[in-house]
Structures are given as structure tokens and as C-alpha cells.
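Number of protein chains: 2
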Amino acid sequence: MYLYPMPVVIIGANLGGKANFMPIAWVQIIEHHPPMIQISASQSHYTNKGIKENGTFSVNLPSEEMVEITDFCGLNSGVDIDKSELFELFYGDLKTAPMIMEAPVNLECKLIKTVDLGFGHEIFMGEIIGAYAEEKNLTNGIPDVKKFKPIIFTMNDNNYWKIGDHIGRAWSIGKKFKKK
Amino acid sequence: MYLYPMPVVIIGANLGGKANFMPIAWVQIIEHHPPMIQISASQSHYTNKGIKENGTFSVNLPSEEMVEITDFCGLNSGVDIDKSELFELFYGDLKTAPMIMEAPVNLECKLIKTVDLGFGHEIFMGEIIGAYAEEKNLTNGIPDVKKFKPIIFTMNDNNYWKIGDHIGRAWSIGKKFKKK
Numbered sequence: 001m002y003l004y005p006m007p008v009v010i011i012g013a014n015l016g017g018k019a020n021f022m023p024i025a026w027v028q029i030i031e032h033h034p035p036m037i038q039i040s041a042s043q044s045h046y047t048n049k050g051i052k053e054n055g056t057f058s059v060n061l062p063s064e065e066m067v068e069i070t071d072f073c074g075l076n077s078g079v080d081i082d083k084s085e086l087f088e089l090f091y092g093d094l095k096t097a098p099m100i101m102e103a104p105v106n107l108e109c110k111l112i113k114t115v116d117l118g119f120g121h122e123i124f125m126g127e128i129i130g131a132y133a134e135e136k137n138l139t140n141g142i143p144d145v146k147k148f149k150p151i152i153f154t155m156n157d158n159n160y161w162k163i164g165d166h167i168g169r170a171w172s173i174g175k176k177f178k179k180k
Numbered sequence: 181m182y183l184y185p186m187p188v189v190i191i192g193a194n195l196g197g198k199a200n201f202m203p204i205a206w207v208q209i210i211e212h213h214p215p216m217i218q219i220s221a222s223q224s225h226y227t228n229k230g231i232k233e234n235g236t237f238s239v240n241l242p243s244e245e246m247v248e249i250t251d252f253c254g255l256n257s258g259v260d261i262d263k264s265e266l267f268e269l270f271y272g273d274l275k276t277a278p279m280i281m282e283a284p285v286n287l288e289c290k291l292i293k294t295v296d297l298g299f300g301h302e303i304f305m306g307e308i309i310g311a312y313a314e315e316k317n318l319t320n321g322i323p324d325v326k327k328f329k330p331i332i333f334t335m336n337d338n339n340y341w342k343i344g345d346h347i348g349r350a351w352s353i354g355k356k357f358k359k360k
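Residue numbers (my numbering), protein chains in the order written: chain A, 1 to 180; chain B, 181 to 360.
Read the hints as simulated data drawn from the structure, not as lab findings. Even glycine gets a Cβ: it sits at the ideal position worked out from N, Cα and C. Do not rely on the hints blindly, as some may be mistaken.
Stated by the list, open to error - Okay, the calculated beta carbon distance ranges per label pair:
#, chain 1, residue 1, chain 2, residue 2, range
1, A, GLU135, B, ASN338, 20 to 26 angstroms
2, A, GLU53, B, PRO214, 39 to 45 angstroms
3, A, LYS113, B, ASN338, 27 to 33 angstroms
With the sequences and hints as input, model every part of the structure.
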């Protein structure tokens with residue numbers, strides 16, 4: 001599973017009206033219009049039950065400063081500890097997708113499709129019906145990684161990293177390329 | 181679609197026996213055992229035809245030094261230009277998934293399932309049947325991002341970034357967390 005690097009997000013879902021959270025790195029955008037996101041999570045995760053209970057979930061992007069609490073969420077299952085008071089929470093239009101106030105970017109998602117390949121993980125595909133960010137973390141209205149400082153994950157060696165220096169612009173720097 | 185950040189990979193597939201490539205950032209691991217990876221790509225992409233033709237594809241991780249050629253691949257469709265000689269190629273057990281010698285990590289994938297949600301993108305789920313990397317880019321047998329230097333992408337503002345400083349160890353740094 002040598003894909004590098006991966007984003008770190010904290011998935012939120014309600015179980016019996018109580019919020020639970022799990023950090024994951026198996027996440028990607030899957031569609032533009034409508035905007036859709038997908039996660040893959042082991043069926044053993046407590047949060048999965050909440051996603052199925054309400055058909056909603058949140059994707060919260062933690063900042064560098066949140067690395068300890070993010071990792072803590074992954075070390076401890078919601079079966080064993082109550083994570084509903086770990087963060088300051090808010091809800092959006094869906095009412096049941098708990099979002100983390102401290103996380104600089106939050107996506108509120110409605111479950112559209114679940115795929116189970118039969119190997120232990122559940123794939124949840126959701127439509128992003130709302131996106132939240134603080135004004136101070138935006139540049140030209142877009143979340144700026146140099147301001148909100150996301151956490152990057154490498155699997156297999158299990159490390160967290162910061163985002164590094166700028167290399168260039170996409171759909172632009174390639175114009176300079178000449179085949180030798 | 182505010183997910184940050186994303187990895188940059190170059191997807192390879194053969195069409196009529198000729199290799200074609202496209203860079204994408206919508207990619208994630210979806211399963212451990214067997215190891216599986218997924219991409220989501222607009223149906224308009226020429227490479228999609230090749231994935232369906234052979235039921236195989238490759239995921240190649242470009243290094244920082246390859247940013248211009250990677251972006252060039254995205255700026256130009258295989259309909260218009262022949263990308264089969266852009267890179268030095270090799271093939272593995274599947275015989276039809278073209279891999280890029282210059283890319284520090286290569287994954288050879290067999291298409292397992294295609295999901296079409298009807299909004300324009302095709303989701304290809306593949307089993308990783310082989311992974312290739314140069315010895316010099318490994319630490320303890322695992323690809324090391326500080327050695328092979330992957331490219332990171334941010335959508336919406338369309339920028340490429342380097343991997344940054346180390347923050348801590350996963351499933352470890354959270355042990356220090358204490359709720360205030």
C-alpha cells in the first residue's frame with residue numbers, strides 16, 4: 001500500500017445522538033459536480049455504525065497543533081471512551097454530522113453510496129453539502145495550506161509531516177517542459 | 181472539494197499496446213488485505229479507455245524533479261500527443277500496466293471493480309499486485325519520503341508542494357495527549 005503521502009482527516013458521526021470521531025488517511029475526492037468525497041474504513045470502527053445510523057458524516061481537517069489529539073482519537077475507540085467532549089462541536093444543515101470547531105476546515109457530508117468489497121473495509125461515498133473554514137485561513141476565498149497547516153501522513157513507516165515549500169503551479173509549470 | 185493536501189500520481193495504461201499516462205490527485209488506498217487502491221478520473225480521459233481495455237493500470241509516484249513532465253502529462257491529452265516515449269518504461273507480471281522507470285515508486289494494479297455514479301467520473305478499484313522502488317529510496321525496506329521526495333497537490337488554488345518537516349509518530353504521539 002505504497003501511496004505517498006496521504007492527508008489526515010478526522011471523521012465525525014453521531015451514534016445515538018452522541019458524537020464520535022476517528023482519524024483516517026484513506027480519503028479522496030471522487031466527483032466535481034456535485035462535489036463528492038469518499039473514505040474507506042475498517043468495519044471494526046465504531047464511527048462506521050454512526051455513518052450508517054444517520055446517513056451523514058463530517059470530514060474535519062486538523063492543523064499541526066492538533067496532532068496529539070488527532071492521534072489520541074485513533075489510539076482509542078469510541079467503544080471504550082466518550083469522544084463527544086474532546087472538541088467544541090457544531091452542526092450544519094444535515095443536523096447529525098458533528099463538526100470540530102478547532103479544525104480549520106470542515107466538510108459536511110451526506111452518505112450517497114456504500115461499497116463493501118468483502119475484505120473488511122467499508123467504502124462510504126458522500127456528497128459534500130457544506131464546507132466551513134475560518135476567514136483567517138483563506139487566501140482569495142480558498143483555504144491556504146500555509147495558513148491552516150494540515151497534517152500529512154505516511155503509511156508503512158507511520159509518520160506525521162508538515163507541508164513543505166512551494167514547487168510551482170499546476171496546469172502551468174508543465175508548459176516549460178521540453179523532451180530531451 | 182476542500183480536501184488538503186493530496187498526493188500526485190501518474191496513472192499509466194496501454195491503449196492498443198501503446199502506453200499513455202495522466203497525472204491525478206484523486207487517489208486513495210481502500211483495502212489492506214489484499215492491498216487495493218482506487219482512482220477517480222473523468223470519463224473524458226483517454227487513459228480510462230486503456231484501463232478498461234486491459235483491466236490493468238499503474239500508479240507511479242513522481243519525485244519533485246519530475247514536476248514539469250508530470251504537469252506536462254496533465255496539460256496534454258493522449259488523443260493529441262503520443263506519451264509512450266516520454267518516459268523509460270517497464271512492465272511487471274500483468275504485462276499490460278506500463279510503469280515509469282524514472283518514478284521512484286510504482287504500483288502495478290489489476291482492475292477489480294468500476295463504479296460509475298453517473299456524474300462524469302469513473303471510479304476504478306484495483307488490487308496492487310506488485311510494488312517497485314529503488315533500494316536507494318528505502319529506509320528499513322520502506323519508501324522514505326525524505327529520500328524520494330513526492331509531489332503534493334492542493335486543489336482549488338492549484339499548487340504543487342514539497343513534503344515538509346517531521347511532526348511525530350502515528351499511533352504514538354497521541355499517548356501524550358491529556359484533555360484540559
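Problem - Non-conforming hints, listed in increasing numerical order - result: Checked against the structure, the only hint that fails is number 2, while the rest are satisfied.
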